[in-house]
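Student: The listed protein sequences correspond, in order, to chains P and G.
Here our numbering = 1-based position in the first sequence + 497.
-4 is the number that our numbering gives to position 12 of the second sequence; each next residue is one higher, with no gaps.
Check each hint, because a few of them may be wrong.
[What the hints assert, rightly or not] Residues of chain G placed beyond 10 Å of chain P at every Cβ, according to the derived structure:
| # | residue |
| --- | --- |
| 1 | Gln43 |
| 2 | Pro98 |
| 3 | Ile101 |
| 4 | Gly119 |
| 5 | Gly136 |
| 6 | Arg151 |
| 7 | Glu156 |
| 8 | Tyr212 |
| 9 | Lys219 |
| 10 | Gln257 |
| 11 | Asn362 |
| 12 | Gly371 |
| 13 | Gly394 |
| 14 | Asp409 |
| 15 | Arg428 |
[Claimed, not checked] Derived Cβ-Cβ restraints for the label pairs, each shown as a range:
| # | chain 1 | residue 1 | chain 2 | residue 2 | range |
| --- | --- | --- | --- | --- | --- |
| 16 | P | Gln552 | G | Ser514 | 46 to 54 Å |
| 17 | P | Lys609 | G | Phe63 | 57 to 65 Å |
| 18 | G | Pro68 | P | Asp658 | 48 to 56 Å |
[To be verified] If the Cβ cut is set under 8 Å, some of the chain G residues that face chain P in the computed set are:
| # | residue |
| --- | --- |
| 19 | Ser313 |
| 20 | Leu319 |
| 21 | Phe337 |
| 22 | Lys357 |
| 23 | Ile375 |
| 24 | Ala376 |
| 25 | Gly420 |
| 26 | Thr456 |
| 27 | Pro459 |
| 28 | His460 |
| 29 | Leu463 |
| 30 | Lys466 |
Quick caveat, the hints were computed from the structure, so don't treat them as lab data.
This structure is a prediction, so every number in the text was calculated from the model and none was measured.
Quick reminder that beta carbons are idealized off the backbone N, C-alpha and C, glycines included.
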Amino acid sequence: MSAQRTALETPYPSSPRPYRPGLAERLYLPLFSGLLVTLRHFLKNVFRGTTYTIQYPEERRDYSHRFRGHHILTSRPDGSVRCVACFLCAQACPAECIHIEAGEHPDVNVEKYPLVYEIDMLRCVFCGYCVDACPEEAIIMSNNYDMAYFTREQSVVGKADLMKPFTFDENLLGYRPRYPEEDEKRARMRRQAFSLVEAARQAKEREELAAARTAGGALQ
Amino acid sequence: MPTLAPPPPETPEAPAAAATDGLAAVRARFPAESITPQQGLDQPTWIVEREILADLARQLRDDPATKFDLLLDVAGVDFPDREPRFDAVYHLCSLSRGARLRLKVPLAEDQPLPSLIPVWKAANWFERELYDMFGLQVSGHPNLRRLLCHEGFQGHALRKDYDPARRWILTEDKIYQPKFDLPQTADDLFERMIVNIGPSHPAMHGTFRLMAVLDGETIVASDVEIGYLHRCFEKMAETHNWQQVIPYTDRLNYCSSFINNVGYCRTVEKLLQVEVPPRAVWARTILSEFSRIMDHCVCNGSTLVDSGGLTNFWYMFQPREEIYGLLESCCGARLTVSYGRIGGLAQDLPPDFMERSRRLLEIIPPFIDDVEKLVDKNRIWIDRSVGVAAIAGDEAVNWGWTGPCLRASGVPYDVRRAHPYDLYDTVDWEVPVLYGGDVYDRYRIRMLEIRQSLSIIRQLLDRGMPEGPYITDDPHVALPPKEACYNQMEAMIYHFKLIMDGIQVPEGETYSMVEGANGELGFYAISDGSGRPYRLKCRPPCFPIFSTFSRLIDGGSVSDAIVSLGGLNIIAGELER
């Protein structure tokens, strides 16, 4: 057995023994089988349309539900922010890109809420540690990866922007806590809660629209 | 055809006993007070006085009973409150015996360390790094200047009293001007010129500066400068807690970031002595192999692009794309996965993991076949690569090489075989070896390894996914499940404690390694029990390989230099940390 141990026979090779091409190779013959490969791929691409290119942004890659994209601050059914400003996400963040300023919430059961919640998207490394750390499911991630800014200041995204991409289309959600044993009931409850918020948001939008109209009318 | 290394020995105890005997014999040749063994660590450790270091190193290398032929790593450690203040820590490995040894040399700031370049050429850059990061002097070093930090940098970044946020601006007058010590003749004055290739050059993958003295098309002498991508990984690790280092490890070898996660997590798990559940071990092995395939695809694809074969690049990148899809479905990111966690994985495997992996096993081989058909026997590629940047096995070992590049030089050293971890000793696979030591064989060996990796994955998939948790249930190490965290007071407290204070790793030190895509990826971690790494040294596999670069390209032509850089698979993120 110990003979096998010397799998690495020493001394190691002291001079390289390079590959020796055979006659056919020296006559460039295998080149033709290579040309057949490219020809095959060419024909396949032309006639069967098996191209792998994605015409971004018209076409998009289909990402999983775990994609770590732009953050979302979730809201309560009344539309207010769900975060309780416990600072766990800021603490867990390896890039130190989360800035929170806490304020006192009018509701005594909530106690605290963030006056300021900012994420510097240029610092963020999208590791998802904030989502792991959040004890309230207040911060989750979407699968939105279109993030481009003209200035560095724009890249510091505040509370309003983080809540704005909040969408109830489950397909657009990304990295978030999962419950393997999540039963149908819980899912239904969550959908209900979502639809309540969605209704509230739509109502708010309608109000704003109406307000804008009346303001426009007043101007005229 | 490649020759294959025999399977691992069935009785590893016997050589281990022999190793300690050999060590005792070498130790007896030195004064008793100059070597003090340190007990209770993961590998034999000697505290050595610096005066005898050079002699001891030579004897350890040459004595047939010890034969420490590979210098793995040199790490500095700063203890500001201790006298003497610094430790230089050498990690040695004997490839033929599988034994390891750690030498610690305590020294004060003004005490120079003897250079070990005459014993191991790998010491060259490691000693420069030691000087750069700790300001330790090395006597007898031919070129002791900064390596990772730029010339305008002041102070030494890894000393404990150095402020991590301190930055220095590199002004133009501080930029390094190479001095080549070449005999001048009348002809040379007209013919020779110094050309900078890089740092921003499409063929220098990453940002490296190659300064070459050209005589016509031939490189007469050359010098390389690195550090353009240095992001003080080790210093940052000291300012973050143990879990927070994981996203930083993603950025080491970013072509196979999951292997880095595994390497780091295994190191901390070794310190914590945590058991990783079988499901996580299984997933780690499979995903590591997929990452290795990806890395080899990138390397071979881009090497062939450098030599003019663009088509291969498309064929090699398609499997990589598909593997990224699998990784993304596991953890939500393609490149910087952060999927490993101390004690397991970040999330459970997706429900369709099996099907997706099996589909990958079907998709990948045709692309590999196509590339092999295109280039393996293609005379154009053979002319560009056979005999280029060739290095023999013994010299490569002396330079500290590991991984596919070393195996292409005829030394079948693979961490997965020599020091099996995870599930590698339970599957049937072989270590491919080739003997050319040139760019062609480095390309071939990667192709052979892709096939071996596929075979490992296939065997593990056939075995079936082990049931059970994906992360340890030790609440001091892993976050409790969210459900528990909302409903149970205990879990909530653990959750808060873990996030606020981090994992409390007990005092100790360890070196642990995995087979990265480029060779042995090691992490040397010291914990002082404070919740943050006291010192974390990464042993990047391509660091010693790239230190050989000048030796490989001198005498060749510029186009050979480009191809050989591609074949070495230098990843700047890992090289410069």
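Student: Next, verify each hint and record whether it holds.
Tutor: Taking the hints in turn, this is what the structure says about them:
1. The non-interface label for glutamine 43 of chain G is consistent with chain P: the shortest C-beta to C-beta separation is roughly 17 Å, beyond 10 Å.
2. Distance to chain P confirms proline 98 of chain G as a non-interface residue, since its nearest Cβ pair spans about 26 Å, more than 10 Å.
3. Separation of isoleucine 101 of chain G from chain P is adequate, the least Cβ-Cβ distance of about 20 Å exceeding the 10 Å criterion.
4. Even its closest Cβ contact with chain P, about 28 Å, leaves glycine 119 of chain G beyond 10 Å, as expected for a residue assigned away from the interface.
5. The non-interface label for glycine 136 of chain G is consistent with chain P: the shortest C-beta to C-beta separation is roughly 25 Å, beyond 10 Å.
6. With a cut of 10 Å on Cβ distances, arginine 151 of chain G stays outside the contact zone with chain P, its closest approach being about 16 Å.
7. No Cβ of chain P comes within 10 Å of the Cβ of glutamate 156 of chain G; the nearest lies about 26 Å off, and the non-interface call holds.
8. Even its closest Cβ contact with chain P, about 20 Å, leaves tyrosine 212 of chain G beyond 10 Å, as expected for a residue assigned away from the interface.
9. The Cβ of lysine 219 of chain G lies farther than 10 Å from every Cβ of chain P, with a closest approach of about 14 Å, so its non-interface assignment holds.
10. Glutamine 257 of chain G, annotated as away from the interface, keeps every beta carbon of chain P farther than 10 Å; the closest lies near 24 Å.
11. Asparagine 362 of chain G, annotated as away from the interface, has a beta carbon of chain P within 10 Å; the closest lies near 6 Å.
12. Residue placement check: glycine 371 of chain G does not keep its beta carbon more than 10 Å from all beta carbons of chain P (closest about 5 Å).
13. At roughly 4 Å, the least C-beta separation between glycine 394 of chain G and chain P is not larger than 10 Å, which violates its mark as non-interface.
14. Residue placement check: aspartate 409 of chain G keeps its beta carbon more than 10 Å from all beta carbons of chain P (closest about 14 Å).
15. With 10 Å as the threshold on Cβ separation, the claim that arginine 428 of chain G sits away from chain P is violated: the shortest Cβ distance comes to roughly 8 Å.
16. Evaluation of the 46 to 54 Å hint for glutamine 552 of chain P and serine 514 of chain G yields a pass: the beta carbon distance comes to about 52 Å.
17. Lysine 609 of chain P and phenylalanine 63 of chain G have their C-beta atoms about 42 Å apart, which leaves the hinted 57 to 65 Å range violated.
18. The hinted range of 48 to 56 Å is satisfied by proline 68 of chain G and aspartate 658 of chain P, whose Cβ atoms lie roughly 54 Å apart.
19. Here the hint on serine 313 of chain G is kept, as its CB sits about 4 Å from the closest CB of chain P, short of 8 Å.
20. Taken as an interface hint, leucine 319 of chain G does not check out: its beta carbon lies about 10 Å from the nearest beta carbon of chain P, beyond 8 Å.
21. The beta carbon of phenylalanine 337 of chain G comes no nearer than 11 Å to any beta carbon in chain P, farther than 8 Å, and the hint placing it at the interface is violated.
22. With its C-beta approaching chain P no nearer than about 5 Å, lysine 357 of chain G sits inside the 8 Å limit, and its interface hint holds.
23. With a least beta-carbon distance of about 7 Å to chain P, the hint placing isoleucine 375 of chain G at the interface is held under the 8 Å criterion.
24. Among the interface hints, the one on alanine 376 of chain G holds; its C-beta lies about 5 Å from the nearest C-beta in chain P, closer than the 8 Å criterion.
25. The closest approach between the C-beta of glycine 420 of chain G and any C-beta of chain P is roughly 4 Å, which is under the 8 Å cut-off, so the hint is satisfied.
26. The criterion of a C-beta within 8 Å of any C-beta in chain P is not met by threonine 456 of chain G, whose closest approach is roughly 15 Å, and the hint is violated.
27. Using the Cβ-Cβ criterion of 8 Å, the hint placing proline 459 of chain G at the interface with chain P is not satisfied: the shortest such distance is roughly 15 Å.
28. Hint on histidine 460 of chain G is violated. Least Cβ distance to chain P is approximately 16 Å, over the 8 Å limit.
29. Interface restraint check: leucine 463 of chain G against chain P, minimum CB-CB distance 6 Å, threshold 8 Å, status holds.
30. Taking 8 Å as the C-beta cut-off, the interface hint given for lysine 466 of chain G holds, the closest approach to chain P being about 4 Å.
Figure legend: structure checked against the earlier numbered hints; hints not met, in rising order: 11, 12, 13, 15, 17, 20, 21, 26, 27, 28.
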